[in-house]
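Now for the letters of each chain:
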Amino acid sequence: MPTPEPSEYVTIVSSDGFEFKILRSAACISGALRKAFDPASGFREQVESRFVLENFPGVVVEKICEYLYYNQKYAEAKDVPDMEIPAELCLELVTAADYLDC
Amino acid sequence: MIAGRGRQRIRPPRRHGLGGNDLDFEKLWTTISAAFLEIHTRNASTLSYEELYRQAYQIVLKKRGDDLYKRVNAFEHEWLVTEVRKSIKEHYSPQMLANAQGLSSTTNERRMAGERFLKGLNDAWSHHQVCLSMISDVLMYMNRTYCDETHRPPVYTTAMTLFRDDVLRSPIVESESRSVLDLLCDVMLDQIQMERDGDVIDKYLIKSSVLMLESLYDSKPGSADERLYNTAYEQEYLKRSRLFYRQESELLIREADAGAYCRHASRRLYEEEERCKSTLSEGTMPLIREVVEDELIRNRLSEVVEMESGVRFMIDNDRFQDLNLIYALNARVDDKKSGLTKAVQQRIIAMGNEVNEAAIAASQAPAAAPDNGDKGKGAAPERSTNQQTVAAIKWVEDVLQLKDKFDAIWKMAFQKDNVMQTAMTKSFTEFINSATFPRSSEYISLFIDENMKKGIKGKTETEIDVVLEKAITLLRYVQDKDLFERYYKKHLCRRLLMNKSISNDVERQMIGKMKIELGNNFTMKLEAMFKDMTISEELTSGFKRHVEGLGEQDPRRIELAINVLTSMTWPLESMGPSEEGDSRRTQCNFPPAIERIKRGFEKYYSEKHSGRQLTWLANMGSADIKAVFPKVPQKDGTFKERRHELNVSTYAMVVLLLFNDMAALQSLTFEEIQAQTNIATNELVRTLQSLAVAPKTRILIKEPMSKDVKATDRFSFNEGFSGKFVKIKVGVVSGGNKVETDRERRETEKKNDDSRGFCIEAAVVRIMKQRKELSHQQLVVETLHQLASQFRPEVSMIKKRIESLIEREYLERIEGAAVDSYRYLA
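Protein chains in written order, with UniProt numbering: chain A, 1 to 102; chain B, 1 to 826.
Worth flagging that the hints you see were computed from the coordinates, not collected in a lab.
All C-beta atoms, glycine included, are put in the ideal place defined by N, C-alpha and C.
There's no promise every hint is true.
Some chain B residues well away from chain A (every beta-carbon gap over 12 Å; in silico) [claimed, not checked]:
1. Ser170
2. Glu282
3. Thr389
Covered stretches of chain B (chain A as the covering partner; in silico rule of three or more C-beta atoms under 8 Å from a C-beta of chain A) [said to hold, decoys possible]:
4. 42-49
5. 122-134
My request is simple: use the sequences and hints to build the entire structure.
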């Protein structure tokens, strides 16, 4: 493996070129991201710590990242406040959720 | 959330290639399969997961999941058959199967070849696992949706099954029927065998092979029994191990001693367990343990126990460690440890019987003497009875030693096992009560007697306690407790009356212990004896005051110390001259001075307790006499008066007082003495022997001088008597407690049987009174049960007693009952 120590942050890139650096642990909440960054398999994403989401624009990816942190923060908590989801994005987010398995 | 957000337009999800209608399946598959190939050849780092994932996602989204699934499986199959199989074959070398094919090759070569093969296979397997986990990562979406919906196993599982079919079950070489799996198992078994033989093998390789086999299933995945490990490997492993250990145990039994065998067996057990942990699977542990236990212990234990160097040898040589091993091994296969228990019991009984025989031999060494010597009362029987006493004490000590020995073994080697203790106690009981050795009760009582008289002198309380505790320990084993009571009473009686006991406290302590062990009933009479002694002391001092109160200041006053004994509690008959029973009750004539004081006491006593009759037992008493020997020339030429205080028996006192009023040198014949004193013949013979024959206390001169006393012998006062000490004790013949002669013994037993008869009758009546009707069998059982704490009656004796009770109309037979039954007649 080129990187023996997995970096703490990973980069998610949107289709329109926005880059989001988020905690690896948060990213791994998504099944697809987790597998892409799995050190045991060694795909290119893992080597570069960089995942390009070709299908989603920055505005959706931002929301995705927000959700990942939200999920991580409240993983063990009760009485969780609802997350703000702009209505116009919800369909796209549903697709993304299915795609990323989160 | 969405509602109430005002009128915003919901953006339709963009389908950047995700859901487009244009799907070129073949094109996508080409990309994917190329990527898979890269994965298999370890080139994954150039691949973009996102791209592959997206493509697989699209395919599934477009409902082509079925095609994709099949293509993937076909791809894997192809890969395994062409590539993996080839690489496995490269690792195959015929040396591995040297044994099977009869080729000669050293163990070392075989091991190396085997390791190479295992390594190749393991590498292939682990690589396959890694690749498939990456591929199934890529195909995650298919697994999640398509496989779930159609209930197909995920790609990973399918691919593992493919590995089983395409690699493990493929023939190694085209021409051979042996599959890779068979070979794998053979190699593993071979390696383990090498380890058993002492080689060092690569445990890790075997362990990973085991893990592989464990993760694959024989047919359908499901129950644990279906794992390839269990079906293909484990059974064969157990079979071979059984064979191996069977042979090994055979060899060992022939060549090693029992201790070494046990050590080896427990080492093997440990090794096998460790092997399961480190090399094989934990699940195999109970199975292989069973196999080894079967072959090394269960089937061999009796042989090991009976080996020349077996349990017997270990016991005799105090091999605690070996015994402990054998115990641990036995405990593994048998909760009751019956093999070992049996051997230990046999040994106890054998050793116990040796002790018994030694005692009998020691007591019968001058065998003829005591039997024939019953009539002639010479020194020979005296010595032989002494010898018997020594034998008795030696017997007790030997038994105690035996007990200590086995206690030590029990503590050190048997981990204080309860079952063993019960068994050992049983064996002790058995030999102590064995029919060939009926004297245990007597011997134990004698042992206590000896200790009370001499043994405990100068010992501390704790030491005394140990001795007493030992006696109690033995007593616990004795079944005929009533016989023991009889002997103990007799011995205690002697001790008390003759003041032989060193410490009354210890006596009381002993009785306290017996009370705890055997209950109140047992000690009641013994305690009554002590009470009598105390009362007697009070009586004596009371009488002394009474005499002083009379004011009769006679300088020649005689002091009287008296013991008043309740005839029911004291075994007086055994104290009397039992040989000639009819003369027992004759009263001897006391000289007037004595007679006077006797009357005085009788009067005093009847004032205190009216209606009681006193019987004087002169044969038990003793007297202190002050004697003045006149001035006669001594051997050393001195010429003076000598004073001695003589301690003699009552009879001797009576005899001596006869000479008091006679002139010097005047003599009396035996018959004259007897006529004047009315002492029974045998008692008088004994008395005169002690006065005239015993060399140090020759106060009387006998004519003619000889050892035996005849009716015509004449006796006169020995004026020339001299002694070194002022106080002289004239020995009382047969004063101590000795083992009974056979004749006495028969009598004791007869008496005992009589009293047992009453006990049995009482028990039968008690039972019948309660039950009213009872079958013969039940009655016998209950009677035995009731009397168990006292003795074990013979069934024939119970029968006889029942007959007698029927005759006396306590019971009647129930006519026409199916089994013999009795009814109680009120």
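To see whether the hints hold, each was checked on the structure:
1. Every CB of chain A lies more than 12 Å from the CB of Ser170(B), the least distance being 28 Å, so the non-interface label holds.
2. The beta carbon of Glu282(B) sits about 26 Å from the closest Cβ of chain A, which is more than 12 Å, so the claim that it is off the interface holds.
3. The beta carbon of Thr389(B) sits about 88 Å from the closest Cβ of chain A, which is more than 12 Å, so the claim that it is off the interface holds.
4. Check on the segment 42-49 of chain B: 6 of its residues sit with their Cβ under 8 Å from a Cβ of chain A, so the three-residue criterion for coverage holds.
5. With a threshold of 8 Å between beta carbons, the proposed coverage of the segment 122-134 of chain B by chain A holds, since 3 of its residues qualify and at least three are required.
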